[in-house]
Every structure is written in structure tokens, then in C-alpha cells.
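> Turn these sequences into a full structure, and let the hints steer you where they fit.
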Amino acid sequence: MISNSPESFANAVEAWHAACKQACLENRNCLDRYGAVVTALITWLADNPDAARLYFGDCDETEHPWLSTYVRSAANDLTRSLVELNVAHNHPENKTKIEFVIGALRHLVREELRRGALDHTRLAHRLTQFAPLLPTNQNCSDHP
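Numbering (this note's numbering), first residue to last: 1 to 144.
A few of these clues could be false.
Stated by the list, open to error - Label-pair ranges, simulated between beta-carbon atoms: (1) W66 / T128: 31 to 37 Å; (2) A15 / N76: 23 to 29 Å; (3) P132 / T39: 15 to 21 Å; (4) R114 / H91: 32 to 38 Å; (5) P132 / P92: 18 to 24 Å.
Source of the hints: derived by calculation from the structure; they are not laboratory data. Ideal placement from N, C-alpha and C gives every residue a C-beta, glycine not left out.
What follows is the structure in C-alpha cells.
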């Protein structure tokens, strides 16, 4: 189990956020970026199951009073950075699509974590079903 230390949890979360940002930076195509973020998420879930359960909302606030504020802030920061990295084309409808997919991704991960043992293959497959909701298969770095 992850310790009650905000530092150890924050380090795990920072690793997840860094993996997401790196996945976006390494892929020019919008849909490839999403696939890379899903892969980074599945890897992080496998490597940090306890931190993932806390991050995605399965925590006792009396045991971890600092957690809810930290997670909310961290999740908002990640959403903002993913949207910024993916909406170089600056169309409001694309921003809305990406924010929706990020919210749906969080909900789906939370749902899967509540099932008990996490089936990473099943989760990855379910997450790929959101890809058609994203902006068309464009080269994100070519947009003004």
C-alpha cells in the first residue's frame, strides 16, 4: 500500500503526468497521441496500483485529508496540459471533445478499478473506443 506520505503519492502522480505529456510530445498525430496516452496510463496503472486507486477517487479522506485537494488540482493541471498539447488548432469544438474524452477516461478507469483486480487488456480496449470522438486524424503540430 502507498504510504500516507503526500510526497510518495505526489511522486507517483508526477510520473503518470510526465508519461502522458511525453506521449503527447512524441506523437504528432492527434489519434496517435491518444493511443500513446492510453498506453502510458495502462503502464502506470500496472506499476502503481495503489496510487492509481487513490488518484482515481478510491480514498478515505479521513485517512488522507490532503489527498482530495491534491488530486483535484493535479487532475485539473493534467487535463489543461493535455488539452493545450492537443488543441494547437484552437477550435472550441476540439477542446470540448478532448475534455469529454479525458472525463470519460477517468470515469472508465474508476469503474474498472472498483471491480477489484484490474484487467489491463480489457481496460485498454474499452479506452480505445473513445478514439472516434477525438478530432480527426490530423497532424497536431501543423495547426497554427
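> None of the hints should be skipped; say for each whether it holds.
Evaluation of the provided hints:
1. W66 / T128: 31 to 37 Å: Hint holds: Cβ distance 34 Å, inside 31 to 37 Å.
2. A15 / N76: 23 to 29 Å: violated, 18 Å
3. P132 / T39: 15 to 21 Å: holds, 18 Å
4. R114 / H91: 32 to 38 Å: holds, 35 Å
5. P132 / P92: 18 to 24 Å: At 19 Å between Cβs, range holds.
Comparing the model with each numbered hint stated earlier shows that hint 2 is the single one that does not hold.
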